[in-house]
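Student: Chain by chain, the residues run as shown.
Number of protein chains: 2
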Amino acid sequence: MRTPAQNGELALLLEVASTPKPGNVDRHRDLDDLRFEHFLAGAVGARDGLEMAATDSAIGPAFERAIEGMAAQEGDNTQFGALLLLVPLVRATRNDLSRSAVESVVEQTTVDDAAAFYRAFEHVDVFVPDPPADMAPLDVRRGSDAIPALEARELTLVDVMDRSVPGDDVAREWITGFERSFAAADRLETKSGPLPDRAAAVFLSLLADRPDTLVANRRDETTAREVSQRAAALVDRNAIATDRDAVETFATELVDRGINPGTTADITAAGLFIALERDTVEI
Amino acid sequence: MRTPAQNGELALLLEVASTPKPGNVDRHRDLDDLRFEHFLAGAVGARDGLEMAATDSAIGPAFERAIEGMAAQEGDNTQFGALLLLVPLVRATRNDLSRSAVESVVEQTTVDDAAAFYRAFEHVDVFVPDPPADMAPLDVRRGSDAIPALEARELTLVDVMDRSVPGDDVAREWITGFERSFAAADRLETKSGPLPDRAAAVFLSLLADRPDTLVANRRDETTAREVSQRAAALVDRNAIATDRDAVETFATELVDRGINPGTTADITAAGLFIALERDTVEI
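Listed in order, the protein sequences are those of chains X and A.
Its first residue numbered 1, the first sequence is counted upward by one per residue in the working numbering.
Its first residue numbered 1, the second sequence is counted upward by one per residue in the working numbering.
The reader is advised that the hints may include incorrect statements.
Since the list gives no way to pick one copy over another, a pair counts as held whenever it fits inside one copy or between any two copies.
[Unchecked claim] Heads up, simulated DMTMM-like pairs for lysine to aspartate or glutamate below, C-alpha to C-alpha not over 25 Å straight-line:
id	residue 1	residue 2
1	K191	D76
2	K191	D243
3	K191	D33
4	K191	D279
5	K191	D220
6	K191	D48
7	K191	E122
8	K191	E68
9	K191	E107
10	K191	E74
11	K191	E248
12	K191	E51
13	K191	E151
14	K191	D56
15	K191	E179
16	K191	D96
17	K191	D32
18	K191	D145
19	K191	D162
20	K191	D130
If you're looking for bench data, these hints aren't it; they were derived computationally from the structure.
Note that the structure is predicted; figures quoted are calculated from it, not measured.
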């Protein structure tokens, strides 16, 4: 029987091992400067923060610790978004792991949690788009320099997430009761076969559902929509079962074009965690 | 900066991610009933035992805990031998991680440590050959039923290892001051490129040096020698750099024939740990 922190770490490892996961690092693909082993080290490093999330520690410091540990490898940012989902989910296991339990966790976050979230950006280089003008003092790239503005406006961590929606589908999970994370877990449970294969199929289905917000922010919305529509076409004809080569080709094409649907991978990791915790998937 | 327990877990993950690793599960190959994800879960589960090894816990109970955690996945035995090397190595980091430090660790093991080692076999199905007749009461497959015989003969854990040599090259590490584990670390440090690629090259060189004892025990010595000679031929012509296809073909052939040089993989993991601890390899 694994602990929630162990399941959190294992979810990160299973996510990166799942293949084909178009555009992302997976068991069969590296990016130029972000390799499979960076994700392995990132997951190992994140565990202490996940252990904190399972205890009485506040959510913000647990997240900051997870990011600091994750970033102790040369690939820099490997699992920032995934940990932003896993930390409240791990905490929610202290009751039952339900959507209402994790909603309650995020609703109880404080201004101090938000400050720790901002400090986390000092440990790692995360891609974020320019904020609107009135939010410039709260640009996460300012790190702890933004904390006074945060305190002046009395923004808690869930308030910060609320202001990142629409545009960031990791933040959207925080204000929708982790809707897509739980949907991903449900899908993992209804599929058969080895868990990484199921996770790859769920990744593709999530990508088909909604354009990936990291792609939209790094590239543009047109590209994000194109990628989502192509994933939907593959899902519609059940390509993973009937034409796996087409999915592999799509995966390699996105890597070659430098298009990385990282938000979709984050939600896949969250879904893996929920399914592991429910003990409804075997490994 | 990773802790010794984190480096121990990471060494297990990097070992299984290294490819091509002829005959074994690697980033690109699964066996029929032992898949990549089982090794991921095995590494996550082993961490608590590695944490114990880094503290005041006795070596035997730390090993038993590591095995119990490792075995909490459907592949059953994934990293038994590797953990038998990692646990004393993790303990040795409390001084400097040298051959004499780890020799001192194993020399201090007790009959109670040996009893815990026997109990570990109750958590997992490890392949071991039949012992000689006078050692039958101490057959590890008897698990804790063998403990009275162990106590009657006042055998410590290093005594048990001593009686497994020759024939088991994991046990041999215990009585040679971890000779090949440190040699593996030295080789990792002199190579260049991503760490998993280096580890695959070191694995092949270790296999070339000596026939794998797991292959000898599971199959026969002739097969073990043949595999080692073929590895040596590949190393002699620097095939990893000049004819990688030949190494990949050898890797797949051994998987197809069900020949798994697991002892060589165990020593590779130990070498990875030592190199990570010395901080002479980057990840």
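Student: Does each hint fit the structure? Answer for all of them.
Tutor: Evaluation of the provided hints:
1. K191 with D76: Close across copies (23 Å), not inside one copy (33 Å); limit 25 Å.
2. K191 with D243: within (17 Å within a copy, 40 Å between copies)
3. K191 with D33: between (33 Å within a copy, 19 Å between copies)
4. K191 with D279: within (14 Å within a copy, 42 Å between copies)
5. K191 with D220: neither (32 Å within a copy, 41 Å between copies)
6. K191 with D48: Answer is neither; intra-copy 31 Å and inter-copy 31 Å both fail.
7. K191 with E122: Neither: 39 Å inside a chain and 33 Å across chains, both beyond 25 Å.
8. K191 with E68: Result: close neither inside a copy nor across copies, 35 Å intra and 29 Å inter.
9. K191 with E107: This pair counts as neither: shortest intra-copy Cα distance 32 Å, inter-copy 51 Å.
10. K191 with E74: between (35 Å within a copy, 18 Å between copies)
11. K191 with E248: Close inside one copy (20 Å), not across copies (32 Å); limit 25 Å.
12. K191 with E51: This pair counts as neither: shortest intra-copy Cα distance 30 Å, inter-copy 36 Å.
13. K191 with E151: Neither: 46 Å inside a chain and 51 Å across chains, both beyond 25 Å.
14. K191 with D56: neither (35 Å within a copy, 45 Å between copies)
15. K191 with E179: within (19 Å within a copy, 47 Å between copies)
16. K191 with D96: The answer is within: 23 Å in one copy meets 25 Å, while 49 Å across copies does not.
17. K191 with D32: The answer is between: 20 Å across copies meets 25 Å, while 32 Å in one copy does not.
18. K191 with D145: Neither way: K191 and D145 sit 46 Å apart in one copy and 42 Å across, limit 25 Å.
19. K191 with D162: Neither, since 33 Å and 49 Å both go past 25 Å.
20. K191 with D130: neither (39 Å within a copy, 42 Å between copies)
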